[in-house]
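Quick mapping for you: the protein sequence lines, in order, are chains A and B. When we follow our numbering, the leftmost residue of the first sequence carries the number 13, and every step to the right adds one. When we follow our numbering, the leftmost residue of the second sequence carries the number 204, and every step to the right adds one.
Hints were generated in silico from the structure; no laboratory data involved. Small disclaimer: the values here were computed from a predicted structure and weren't measured. It is possible that part of the hints are untrue.
[What the hints assert, rightly or not] Computed, partial: chain B to chain A, Cβ under 7 Å:
#, residue
1, ILE222
2, ASN238
3, MET245
4, ILE269
5, ALA300
6, SER301
7, LEU303
8, ASN502
9, ILE505
10, ALA513
11, PRO615
12, HIS617
[Unchecked claim] Just so you have them, the derived chain B footprint on chain A, three or more residues with Cβ under 8 Å:
#, region
13, 27-34
14, 40-53
15, 56-65
16, 83-97
For each residue, glycine too, the CB sits at the ideal point set by N, CA and C.
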Amino acid sequence: MGTFVAAFTVFVLAVFIGFEVISKVPSTLHTPLMSGSNAISGITIVGALILAGQPDTPRIVHLLAGVAVVFATINVVGGYLVTHRMLGMFRRKR
Amino acid sequence: MLTQDLRDLAYLLAAVLFIFDLKWMSHPRTAVRGNWAGVFGMAIAIVATLAGEPMTWQYILTGAVIGTVIGVVMATRVKMTAMPEMVGILNGFGGGASVLVAGAALVMAQRALAAGTPFGMQERVATAASAIIGAVTFFGSYVAFGKLAEFLAVKWDLKPWQSAIKYGFAAVTALGGLAYALVATFGGGGLPEGAAPLVWGTFLCFAAVGGLLLLRRSRFPGMDALKWAAAAASLALGAMLVVQPENGALFWLLAAVSSLLGVLLTISIGGADMPVTIALLNSYSGLAGAATGFVINNNVLIVAGSLVGASGIILTRIMCKAMNRSLANVLFGTLGPTSDTPDADEVYRTVKATSPEEIAMTLDGAQRVIIVPGYGMAVAQAQHAVQALAALLEQRGSQVEFAIHPVAGRMPGHMNVLLAEANVAYEKLREMDDVNAEMEQVDVAIVLGANDVVNPVAITDPKSPIAGMPIIDVSRARNVIMIKRSLSPGFAGIPNPLFAAANCQMFFSDGKKAINEIIQAVKEAS
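With these hints in hand, go ahead and build the complete structure from the sequences.
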C-alpha cells in the first residue's frame, strides 16, 4: 500500500468517525462544538512548528512558518479557552 | 532522540483524544472533560513535534508567544453575544495557517527537487488544495466576521474601531500584494523568465480583494460572473501548479485568486444565512488542515482536519434543513417576497398592540409558558432580563421553558449559549420538535425578537418563500405575545399573519426594556 493510499484511508475513516460522533451532539451545544472543533483544526500548528524549526533553511520558510505559528496558536489557544468559558456556563448550578 | 515511530504513536494518541473531545461534547456533563481531552491531545502533538530534533527556536517561540497573547485576550474579552464573530474569525486563522504552511513546505520541496529528490503527486495536489481551501477560508471568515460585526458591506457610518479594522485590513491586503510583487521583481536574484505576469497578477488580485472589502453594499452587477470566473481560475491555476510545482509565483497567484473567491462567496450572504456560512467555513478550516496533512504527510493533521471537516458539514446540513433551503440556494440565491406575497397592510389590519399591564394579566395564572428567543434577544442583550422574568413566573407557579429554533441567532446554538450565560438550566432549553408536539397545552408563548421562525405561512401557504421551513408553531398556543420593535418583516421579507391573529398581542418595544417592564407589571399585579 502506497503512502498516499494509506493516508487517504485514514482520511476517509476519520470523516466517518466525525459524522458518527458529531451527529450525537445536541443542538444546545452546537456553539461550543464549533469553537471546540475549531481549536482542533488548529492542529496545523504541527506543520507550522516543523517548518519554523527547520535549521539551515531560507529565511522565507522561517517567516512564512513563523506567521503560521502565530495564526495556529491563536486558533488553538483562543478556541479551547473560549470553549471552556462557554461550557462553564452550561455546567454552572444555581 | 525521539524516533519517528514514537512520534507517530504520540500523534495517534492525540488523534484519539480529539475523537473523545468531540464524543464528550454530546452532553454538558461531559463536555468540559471533552474540551480538556482536546487540550491534552494538542499538547501531546506539539511536544511530540518539538522533542528530539535539532531546531531553530527563535521563530517558534516568537510566534507562540504572540499567538498565545492574542488568543488569550480574544477568548477572555469576547462577549457571549459576539460569539458568532469570535468563531468566524478563529476559522480564518486556521485557514490562513494552512496556506502559509503549504507555501513554506513548497519552498522546501523546491529545494529538495533541485537537489534531486522527486516531488510526489500527492504533495503537489495537496499543496494546491491547501492554497485554495485555506485562502477561501481565511478571507471568507474575515468577511463573515466583518458582516457580523456590521462594518463590511454596510451603508451607514462606522465607529472608529470598525473603520480601523475595515480600512486597515484592506490596506494591508493590497499593500502586501504590492510588496510581494516588488520584492519578487527587484529583490534577490530577480524574476525567472515568464513569471512577471504571474507576480503582477497576484498584486492585482490582492488589490481587488482590498477594493471589494471597501464596498458599501453586498452585491454589484456582474458579481455572479466574477464568482464563477474566480472559481474556474482557482481550479485552472491549481492544476497548473500540480504540473509545475517548481514555479513558486504560481502558488501565490493561486492563493490570491482563491482569496478573491473567498470574498466573493461570502460578501453577498445575508445575516440570517450566517449560521450556514459559519458552519461551512468551520468545515473548510478542517479540510484545509487535512489538505496540509497530505502536504507534509502527517496523520494527526489528516485525522483532526477531517473530524472538523465532517463536523462542519453536519452542522451546515442541519442549518440548511432548518431553513428548508439547499446549500446552493444559500450560497447563490436570494430570499425575498414574491408577487404572491400578500400585502402587509392587508395582513396587519387586525393587529392588537398591548401594554405591560395587559401582558401581566395574560400571564396571571398561566400554567405553561414558553419563551421563543431570536436574534433580537442577542441584539438587545436581553438574556439576563429574560431569565429574571422566567424565574419570577416560576415563583408564581408557572412552568417556564425555552423553545429554540435551530437557526435562531447568527450561529448554530447561539441562543443556548446566551441563555446558559444568564443561568437558565440546561433542561429548560427545549428543541423545536418537542415543543411543537405539546404546543396545544401552552398557555402563553412569548416571542422575543424572532419573526420568520414562528411564521405560520411556512405551513399554510405552499407558495410562500418560506414554505416548508420548520417553524416553532406558537400560533397553536392559547395566547401569543410578540415582543418586537415594529411590524417590519424578518429576513424573508414577508408579512407574518400571526401578528394579526386573534390569540396574539403585539408589544412594540426594545427587547430588554419590554421584558423589564413586564417584570415590573407582574410584580405590581400580585
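Of the numbered hints stated previously, which ones are contradicted by the structure, given in increasing order?
Those not satisfied: there are none.
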